[in-house]
Amino acid sequence: MSTASAADPAASERAVVADRPLLDVRDLHVTYSSREGEIPAVRGVSFTLRRGETLGLAGESGCGKSSLAAAVLKLLPQGTKVEGEVLLDGENVFTMSPGRLRAVRWTEAAIVFQGAMHALNPVWKVKHQIAEAIQLHDPIGDKAAQARVGELLEQVGLPGRRADAYPHQLSGGQRQRVMIAMALACKPHLLIADEPTTALDVMVQAQVLALLEQLQEDLGLAMVFITHDLSVLTSCCRRLAIMYAGRVVEEGPSHAVFDHPQHPYTKALAAAFPTIGDMRFRRAPLGLAGDPPDPRELPPGCPFVPRCSEAIDACSDAEPALRVAGPMRSAACIRVEADG
Amino acid sequence: MTDPTGGAFESARDSALAEVMAPDPPAPGSRRSLNWSRRRKSAGEVWREFWASGQGKAGLIILVVFVAMALLAPLITSSEGLKVTNALGNKQNAPPSWEFPFGTDNDGRSVLTLFVWGARISLFVGIAATLVAIFIGSFVGIIAGYAGGRTEGVLMRVTEWFLVIPFLPLAIVLASVLSRSLSTIILVIGITSWPGTARLLRAQVLSVKERTFVERARALGAGHGRIVGRHVLPSVLPLVFANLTLTVPIAILSETTLAFLGLGDPLRVSWGQTLGASFAAGATSIGAWWYYLPPGLGIVAVVLAFTLCGRALEEVLNPNLRQR
Amino acid sequence: MNTRYVLRRVGAASLSLIFVLALNFVLFRMVKSDPVGSLFRGRNVSQGAKDRLRAEFGLDKSMPEQFIAYVKQTAQGNLGISYSTRQPVSDEIASKIWPTVLLVGSATILSAIIGVFAGIRAAWRRNSAFDRGSTGASMFTYAIPDFYLGILLLAFFAFWLAWLPTGGMETAGGGGFVDTGKHLILPCAALAISYFGEYTIIMRSSLLEVLGEDYLITARAKGLRDALVRKRHAVPNAILPVITLFALNLGFVLSGAIAVETVFSWPGLGQATQDALKGPDYPMLQGLFLLFSSAIILTNLVTDVVYGYLDPRVSTP
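Just so you know, the sequences run in chain order A, B and C.
Quick note: the first sequence uses the working numbering, first residue 1, plus one each step.
Quick note: the second sequence uses the working numbering, first residue 1, plus one each step.
Quick note: the third sequence uses the working numbering, first residue 1, plus one each step.
Hint data in this document are derived by calculation from the structure and do not stem from the laboratory.
Please note that a few of the clues may not be correct.
Simulated restraints on C-beta separations [claimed, not checked]:
1) B:K57 / C:D275: 41 to 49 Å
2) C:V6 / A:R238: 52 to 60 Å
3) B:G148 / A:S34: 40 to 48 Å
4) A:E297 / B:S207: 30 to 38 Å
5) C:D214 / B:E215: 28 to 36 Å
6) B:G221 / A:G290: 34 to 42 Å
7) B:S207 / C:Q66: 44 to 52 Å
8) A:R296 / C:D214: 21 to 29 Å
We put the CB at the ideal spot given by N, CA and C, even for glycine.
Please put together the full structure from these sequences, using the hints given.
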């Protein structure tokens, strides 16, 4: 991999790329327009992902992670302002023709949505919904499609007869598996899992996570795993990126980031989801007071200042850029420069 | 006795029908939660927001004008003008003039007098019938929702039965069997309108019942009466009020139709009755537009006003329904 | 489709029917005056003749017996004899059903079509002039009593402009398709204009709600064209409440146009009801009431079953 430099590590990484990354997000800005004004959901995010790589994207609600996911396949609502580029295997998603975009969707990259109760059409049987994805990109006829549906369901650990069910007849965990099966229907190279375990019981969560890890390994998928629960990311993702107020505030190898967080926000986030038995959590303060900032009214300087226990006066001067915080790590905190 | 569908169809059907006059759902892509506002607004807040909405303001102003007109009827024109005997000297079906701003009817009576005094009966019957319907409906709905189990099952079955009875034929049958009076009309409208309220309130009570403050009260040992009176009712009351504002126009339209068909008290002048009389007198064929335009337009105005108020009120009480 | 669901619905419908029968029976027994006596108002008839008539009408037996007899009779299709025409009520009704079905049926279909298309367009172009206009028009037409709209249309088109007939279903001595059609225009328009608003508002509301659903995003993400997303995923979900409304309105086909039929002298069940009221012709009223209620019960049942088929959430647990 690339060597970190004193300048923006992401840029130098890009420069050294020999084979093209599968996903290349460059300075992405996503701004929603609403009656109350403009809402900047993503404010300059950049990262890359190669084939087979896994990236965890963590942050609280409203930090922009779901907007980021939607942007990858240009699924944002009409009227949303977008700046920057999202390159899927070299092609910019925002400049693709509508026909090319539709062809690319689901075949290059697929999304596993959160809250699968609402993400599945309630009046269609599950098998038809999955078959639709197949037939859309490779019309192989009903029988063949149904056979493939059976294979997919098996892959995610669901018995074949579940194909005849309607979404409301399935449990939360089963629906999530259906979503995963559907996402794999066209053998995508990239899987974006947007909070796939959030609405599930802990036991079921573990099962779904294990499934995703297994699939990622078996199929060599590149994966972006979005969640607000930091602890689940360490096992299934190689690298971690923490988002706050529309920006990446820390990134690096997941264990390094989790065990030795550099950004005060990451520290708080890691502490909020303690590992039972780990002595550190016995004494460290848990939880993070306050609410995420309103994207329309960000304070000057670092947006984390109101909730930061380590803030100093200089923090409110300017929003810190990502600085090197270790080997292949970066964090957007003024203190990092001082320590690193 | 439990319904395997969990009442899903009924509620799907109800929400479909309740949507008829309901305000818009939120814009696609925005947060959605179709529960009534969890934080109860103070009466002052409700009023301020209501007044701020265009439709609320318009509706209320129109209503006030008509109600004022109805109440001040004796000041505008004497009720003596309603007596046919007093109109003997007048020209029948005469067009508007200085003496008779709305012209005269088939008996020579001033249509303006009929209009002003008719407003009283139309509004009175509409409101009275609604109160009857709301009273019965709330009673049944709240008890069904709160009691649950068999009681709920039986009550909802009965509600369904009453929903099946077609309004107009029942009114006709009752009018032929009972005397033709205002009370009969009020009774008929009340009997056919209460099921809607009952269903609505039962759904609301069901959602309130599971909320924490009710469970807390129960845990503290509060009796049913106290829970209903202190917790359920206040949450349900705003809904009742909104429902009332939207039921009155239906009641008024019903009274109009019944009176038009001659089922009302023939001696009481209401807008519907005037319309019926105008039609019987062939006002359409002789072109006596002054005879049928005022009462009809009066009905349209009042019904519209109530509907606007009802919608505005619903939006205030459930901000999630507001236009985005 | 779940058989238990259907059976439950049929059971409920049967109970409703029994309730209606009982209501029908009780209502007319509430009549204080002796029905036989009132038939011969003012005329001197011997007691023997009256007794014979009472027996003929079955009025000499006890209440419960009369009720059972009534139910039996009704099940056999015997709705009694009309007091005024002395013809079987069922025959009288049969001759008047078609005009009403023609009028209200066509008006219901027309209002549904107008309403659904307007509602879809309004939802698709939310907050446009069309949207606001159609909502306003819907609210306004809802506030106009259907018969009043009829009066206004009649006054303007039939009397003032004299373009269309002033009443009835056919021109005296004439008839035929076109003639009936001309007579149908105004009353049908009155009903359709009065009731399209319901469909517009429901369709629009329902579609707007569906447009916010996540499964549409899933469909787009799969690579589906917008038009197909709408057609395959949005509309089938959004149309459900409209279908419910339509089916329920069909139940009111028979009883819904009484006032409008009066205004246009339309020779249907509405007019029959008005006429029966004048007697009062109790067997006729009873028969009509039963017919109206049964129609509603039946269509409700069919609606329930059809809805269960269209929305699996309701019929499959």
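Okay, the hints, checked on the actual structure:
1. B:K57 / C:D275: 41 to 49 Å: 47 Å, holds
2. C:V6 / A:R238: 52 to 60 Å: 55 Å, holds
3. B:G148 / A:S34: 40 to 48 Å: Given a distance of about 41 Å, which is inside 40 to 48 Å, the answer is holds.
4. A:E297 / B:S207: 30 to 38 Å: The hinted range 30 to 38 Å holds for E297 of chain A and S207 of chain B, with Cβ atoms some 34 Å apart.
5. C:D214 / B:E215: 28 to 36 Å: 31 Å, holds
6. B:G221 / A:G290: 34 to 42 Å: Holds: the Cβ-Cβ distance is about 38 Å, inside 34 to 42 Å.
7. B:S207 / C:Q66: 44 to 52 Å: 46 Å, holds
8. A:R296 / C:D214: 21 to 29 Å: Once the Cβ atoms are compared, 25 Å apart, the range 21 to 29 Å for D214 of chain C and R296 of chain A holds.
Consistency with the previously given hints is maintained throughout, with no hint failing.
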